[in-house]
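Student: Given chain U, put chain X in place with the hints provided.
2 protein chains.
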Amino acid sequence: MSSSEQIAKNARRAGNILKTISDENRSKVLYKIHDELKENASSIEKANKLDLQAAAESGLAQSLMKRLDLFKGDKFDTMLQGIKDVAELEDPVGKLKLARQLDEDLVLYQVTAPVGVLLVIFESRPEVIANITALAIKSGNAGILKGGKESVNTFREMARVINSTIAKYEKDTGVPVGSVQLIETREDVSGLLTQDEYIDLVVPRGSNALVRKIKASTKIPVLGHADGICSIYLDADADLEKAKRITLDAKTNYPAGCNAMETLLVNPKLAKWWKVLEHLSRKGDVTLHLASDVKEAYVEKLKEENAFDEEVRSKIVDVDESTDFDREFLSLDCAVKFVESTKEAVEHINHHSSKHTDAIITENEAHAELFLKGIDSAGVYWNASTRFADGFRYGFGTEVGISTSKIHARGPVGLDGLVTYQYQIRGTGQVASDYLGAGGKRAFVHKDLDISQMTI
Amino acid sequence: MSSSEQIAKNARRAGNILKTISDENRSKVLYKIHDELKENASSIEKANKLDLQAAAESGLAQSLMKRLDLFKGDKFDTMLQGIKDVAELEDPVGKLKLARQLDEDLVLYQVTAPVGVLLVIFESRPEVIANITALAIKSGNAGILKGGKESVNTFREMARVINSTIAKYEKDTGVPVGSVQLIETREDVSGLLTQDEYIDLVVPRGSNALVRKIKASTKIPVLGHADGICSIYLDADADLEKAKRITLDAKTNYPAGCNAMETLLVNPKLAKWWKVLEHLSRKGDVTLHLASDVKEAYVEKLKEENAFDEEVRSKIVDVDESTDFDREFLSLDCAVKFVESTKEAVEHINHHSSKHTDAIITENEAHAELFLKGIDSAGVYWNASTRFADGFRYGFGTEVGISTSKIHARGPVGLDGLVTYQYQIRGTGQVASDYLGAGGKRAFVHKDLDISQMTI
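Sequences listed follow chains U and X, in order.
For the first sequence, the numbering used here gives the first residue as 1, with consecutive numbering after it.
For the second sequence, the numbering used here gives the first residue as 1, with consecutive numbering after it.
So here's chain U without its partners, still in its complex pose (with noise of 0.2 Å):
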């Protein structure tokens, strides 16, 4: 047996028991995960720092050192704080979704359950490591971890803390051995992404590069976003006041966001829609990307207003009509293109979105509503920033990541994200053949319960 799919059928183990596991003693386990990484913080620091010197002495970017230094600032407590916010979220297992009366004792139920098996790919933050394991185990899903090759150490001495605590109260908690395992190298993990009997679900975190190869490569369903092409439009009924300010806050706020604006949709007919590429470039310092009518007209009105300086000017190229409107720049660059109604908006959004975020801004509600029901996106906005698309934002408590797949989970991603469902029947003895369809006689009853008080 290859080691990728030991690992993989020692997860597939440690997911059937922990499915069976209270929600008291998922989260009592993640108690005690973070009172030992506390009590170990020297060691992990130690190897924290061997990780920072092997990054210096390799030239890495003052960035990324960064981004490696667990003990910077309060980083290390708040990963510590983290793992308890996870802890008190409510149990996303075993929620009653649908009660179903069948029949006289004879009951069907919709309640949520763990995927299973979870292989999570992520980069070299080493936080991302306590993270990542309070996530699978609360959800109820055995964990089979890759980090970046720049915290090896730091993940070592981590995934040991984490192994050994899940070791010592595995008699009290039922957490089993296995249920979060770490692995290093990449070998295991092109491996790991054969292993489709036995591993439910891929989450890459990191970078669309990443993503990308990994959603290349493997049959197992994959969470998580290769691009994040959001673009908004500008209608003619559009407040310029609001169009200004949300562009602004949709392209500047954090222009590297996967929910930061990359194309502006603009019709014409808005009164006065020059503003707001203006505003862009001299409040946002965004370089416009402008197709050839739009940069004709723009250069024309500010030339009339007396504003065409060189503030302006500098911030103007041609757009690439082939690869800007599919392109993340990912900096405080955004493509612009005239578009005569709502309904062509839609259609570019279409064809050029990754589907993660568009939004709308206008004063016309039957064009909102066109817009609404017309994109194909997870997120559909009117009147507010595309950095909505959030987690957080949304309320969810955690983010476990940001979905473009149209299945299964889409957007912003909270804990809901890693369980699925199952059907229970629970019956007295019946057999299908005594019902219509089947042979016998019985009707179903196919009577909804009230599900808001109960529990099973």
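Worth flagging that the hints you see were computed from the coordinates, not collected in a lab.
Be aware that one or more of the hints could be misleading.
[Stated by the list, open to error] In silico lysine to any residue, SDA-like type, Cα no more than 25 Å apart, as pairs:
{"hint": "1", "chain 1": "U", "residue 1": "Lys373", "chain 2": "X", "residue 2": "Lys9"}
{"hint": "2", "chain 1": "U", "residue 1": "Lys343", "chain 2": "U", "residue 2": "Glu369"}
{"hint": "3", "chain 1": "X", "residue 1": "Lys283", "chain 2": "U", "residue 2": "Thr428"}
{"hint": "4", "chain 1": "X", "residue 1": "Lys95", "chain 2": "U", "residue 2": "Gly395"}
{"hint": "5", "chain 1": "X", "residue 1": "Lys219", "chain 2": "X", "residue 2": "Thr185"}
{"hint": "6", "chain 1": "X", "residue 1": "Lys168", "chain 2": "U", "residue 2": "Gly374"}
{"hint": "7", "chain 1": "X", "residue 1": "Lys441", "chain 2": "U", "residue 2": "Phe392"}
{"hint": "8", "chain 1": "X", "residue 1": "Lys373", "chain 2": "U", "residue 2": "Asn25"}
Tutor: Chain X alone, transformed into the frame defined by chain U:
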């Protein structure tokens, strides 16, 4: 552009429009399709005769001929009624699943939406094309349909009628031409299975071999099941009469069904457990594939009771442990094994089952709860036959298929399996940078609103 890419793009375009069409208009076109198929019954019957003739000439088996014959008994009328039944179902699109106040005048909604483009591959039963057309349009999805080649003339004629109806009423209903595309060649199917940019879900309806082949050859999510290896566990505290009734039903009511029992796990501490096996053989004509210890004990017990006669003897074979517990017999055969506890039963099932449906028979609540919690299958039953795993029995109105995937849709799938969700935010100009975590000072409210009376 390849023909399959063109087909996929057309479907995507149609799907984007269908998404915006009201339930009234989606259902209206289904009634029109019903009417026109009825009016064109004679041309469809003529085409069906051609298929039957070709099948007879090629020496197709009588049972398959029967499936091809669309005008046998009331099959055609039942098919027509099925279209109306789907039209009358509750709209699966636009259902509000969550409404959360993020701040004053800033509300997050989670709303069901069509998946987008379905590729549905089915075998030769001609009535399926009407059923799938109804399901796709009702759920706001564009459908690409490929049926078995034996019914090609019938499919072609029905597709002609369906598409001319859609075209005739396009102005009236908005449901676009291209919503339903019939493809005829295998080359097109393999081409389409690579169009993951445009196609969102593949729904194979047919043999396990078909499903397995499709799952192996596409990156698009597949809704379906390749195997139905269902087990029943007879606990030490089972009621013997319930056990006899349930196992007989589960094995013999429809042995070719995916929800039929294939494995029986027996706790030898159950008093008179052998009566259940004897009942299966005598009343159900079931051949028992017995593990050696089961066989020895079974023969001994029956001999003690002077019941070991030829009828019983002829229904005993040795189990092949290396294959029979991972096998869908699809016949009056059943693998039988002793397990010593509920825990051991759960472990056997989680290892061998296809995650379809498994049941425990017991009067012991603690054992039942352990089983219900521990089994990792779409359906887990207590004192009921596995044959209840069926969309109609669950009260779904219609059945799209049965899924053994662990994400998106599990078990019997109704129209719900053809929709996903989107998040809408309706605001009044809010930007993220005003809020905590993105540079501002405002806190989110995160108050869930009562959606029971709400429409948006």
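Student: If a hint holds in the structure, say so; if it does not, say that too.
Tutor: Okay, the hints, checked on the actual structure:
1. Lys373(U) to Lys9(X): holds (20 Å)
2. Lys343(U) to Glu369(U): With Cα atoms ~11 Å apart, lysine 343(U) and glutamate 369(U) stay inside 25 Å; holds.
3. Lys283(X) to Thr428(U): holds (21 Å)
4. Lys95(X) to Gly395(U): Between lysine 95(X) and glycine 395(U) the Cα gap is close to 21 Å, so the pair holds against 25 Å.
5. Lys219(X) to Thr185(X): holds (20 Å)
6. Lys168(X) to Gly374(U): holds (23 Å)
7. Lys441(X) to Phe392(U): Status holds; Cα separation ~15 Å.
8. Lys373(X) to Asn25(U): Given that 25 Å is the threshold and the Cα spacing comes to 15 Å, the pair holds.
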